[in-house]
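Undergrad: Taken in sequence, the protein lines are chains A and B.
The numbers in the numbering used here rise by one with no breaks, and the one at position 24 of the first sequence is 24.
The numbers in the numbering used here rise by one with no breaks, and the one at position 228 of the second sequence is 228.
Derived by calculation from the structure, the hints in this document are not laboratory data.
Mixed in with the good hints, there may be bad ones.
To be verified - Stretch-level coverage of chain B by chain A, calculated; a stretch enters the list once three of its residues show a Cβ under 8 Å from a Cβ in chain A:
#1 76-90
#2 241-251
To be verified - From chain B, some residues computed to sit far from chain A (all C-beta separations above 12 Å):
#3 M132
#4 A149
#5 I159
Just so it is clear, the structure is predicted and the values come from calculations on it, not from any experiment.
All C-beta atoms, glycine included, are put in the ideal place defined by N, C-alpha and C.
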Amino acid sequence: MIRAENLVKRFRGHDALRGLNVNVPEGSAYALIGSNGAGKTTAIRIMMNLSESSDGRATVMGVDSRALSPRELSRIGFVAESQRMPKALTVRQYLDYLRPFYGKAWDRGLESSLVKNMRLPEDRRIGELSHGMRMKSGLVCALAFRPRLLVLDEPLSGLDPLIRDEFMQGISEQAGETTILISSHEMNEVEGLISHVGFIEDGRMLFEEPMSGLASRFRQVCVTLAREAVRPAAAPGDWVDLRTAGNVLTFVDTRFSESGLGERIRAVFDEVREIDTEPMSLRSIFTAMARHAAVVGGES
Amino acid sequence: MIWHIFRKDLRMSWKPALGAAVLQWIATALIVRLGIFPANRTLEQVHSLVRVTAGLATFLAAIVAVQNDVLTLPTGDWLMRPIRHRDMLLAKILFFIAAVQLPILIGCVAEGMGFGFGFGDSFGTALWQAAMMTLGMGIPAVALGAMTANLVEAIVFVISVVAIAVGQSWLAETLDSSSRSGLLFNLDWIEGAGLTGGMFVGGTIALWVLYRWRKVAQARYASAAIFIVGAAIGLLPWKSAFAVQGWITPPSGAARNIRLEFDAAARNPRAVAAFGDTADVPVRVAGLEAGTAVRADLIEVTLTGADGSVEHPQIRPSQLSKVGRGALRIVSGASSPVTVKADYWLTLVREAGHQWVETGDRETPVPGLGRCRIGVMSENWGETVGCVSAGPANGVCYSLGDDRFSSVFCQNYGPSWLWFPDWDELSRIPSGAIPIRGIPRRVDVTTYKIVEHFVRHLEIPDVRLDNWRPKG
């Protein structure tokens, strides 16, 4: 549905993207995660033709992103934290304004249902709405025409838990028929929604894969030793975020395999008393990988 | 969808549009109330202020409407909607025409009718004025709105444009004033056309670049460059301007027989207030047909002494029109004989009509000038002939008090004035008609049409300037 190849974006004295590759499969719910300044918003803006890349190219629904026309845009829903909607119009007036652009694709029943479920004050001016209400208005405007592709750029930032739930519920109801690309820090909220994840750091894609593969590949490993734990001089490269506390050593195994783990650990440590492994949440994976990236970045 | 977008903009931005219209209507009511000869100076100043404010409000109303759908930022919601950029652009232009310009047009029609013109004349002129305003102001305003993200940015841009205009004006003043085209008779249109054309062309290109490719930086640079070029046209050297005019209006042959000659038999000049070492060398214009006159726009003079010394005396602009009366005023202290070489850039005009305008409240129609009457414009200037006209006066020229001709181009119904004394002597004041305080009872206003611009060379050997200095 979306494919970006070798995207580069240079600002003055700073490379925001350094050869980013993204592949969002059709029908997937793809989370683009990364720390602040990793390049998520820049990448999405380029893929949506809101910004121009310095190099590389992106295609959306098979069309070069630079050539996205009203035909493609009529099938793309877009919500961004920084989106500027007309403040002087009420929610109702804006919905009335947008409807004709989408023709028959606009589902008035769905629009009414979304407005009701999200408890939007239709007669309030958009400029008078809270940030959360504005984001929900944006979502209604992005969902009412049943888009083939829904792109959400940091949609949950600054929203209170209640509004987050309502927002995510609105998205979930569309997940089945729409390809979703979402960038967010809020891993807990999006984890139940997404099928694919891409981890972006410092303008590059560190990895992208289906959530099922990610969940089985990452494990939090806790090793209890007979004596005080010391960070090994040469640990395997796929062990990241190593920490020690007393005689306990923890790390994240990024290529977890149940069968060979014990042997690999014993090859590094003597007197291993106990090995525990735990599946990791998306948030934990993100945190561990972000720390690891920071360490590697610092060393390099 | 153009109409649909326009309706949305109208809903969002009707207040600034209405504000601009109300200001224009107030200005209209004031100018009609003031009439040809404003008696109330305070009201006149208020009118000037309201007129300027209304212009600014009109400009800002257009910008606000464009910025409802911001183009320069990647955060504009409409950029992710299935909206054709062409439709968006046309909707913004439509907003300027229908929501901003239409109320002003109605005000202009009312202004024309307030001055006593018929609906047809008033509407035709208002329509012409609206078209010019759309091209010269609407397109640049829409472009400025599209190039900027908010009003603050737009105002910074406006200040930059004003700074360029002021800089251009300062540069023009700094440069030798006689080198500028704006001083030339009927060639000052080049300066105005440069600025307006720069605004229009720059705005059009910017809009094309913005709504076609959304290249903001390129649009800004291109429009700024074109505007600066347009402003620089105002500094066009007068020889170049003369050449441009000659290219546009090729010689008709009417000036073929006109010659300038030294009038050695002329009497010594009369006593006049002179500046420094002046000498009025008599020059005769020969070959003029009846009903025509010649006006010197600029003169370049070189004095060559017997010892080979060369002097370029100053020719004061205020002397330039006097060639028809027969004197070339040279400011030079040379006492020994010199050879005078003079190049004249001339304009030939032909009488288009006469009309007596009499003192009183009654207005007299003068072909090419509109309806005129005599009145007191200000205490300083005494009585003048004031005229109002509907629409352009079609190239007819008349005299102004600063001894220059001026082409009449009435874009609105604002009055034009003929000042006295008329140093060009194009408006004849009969000697018997000046009974009180130098005020004429009636004035014969003569209107002229420009026939041709041409150049003549005059060489006078061995002239002793002392012989031609004012006596007494």
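Undergrad: Taking C-beta pairs only, is M132 of chain B more than 12 Å away from all of chain A?
TA: Holds, since 31 Å exceeds 12 Å.
Undergrad: Over 12 Å to the closest beta carbon of chain A is the bar; see if I159 of chain B clears it.
TA: 25 Å, holds
Undergrad: Would you check chain A against the stretch 241-251 of chain B, counting CB to CB pairs closer than 8 Å, and say if three or more residues qualify?
TA: violated (count 0)
Undergrad: Between the stretch 76-90 of chain B and chain A, see if three or more residues pass the 8 Å beta-carbon test, and mark the coverage as holds or violated.
TA: holds (count 8)
Undergrad: Non-interface claim for A149 of chain B: all C-beta distances to chain A beyond 12 Å?
TA: 9 Å, violated
Of the hints listed earlier, those the structure fails to meet are numbers 2 and 4, in rising order.
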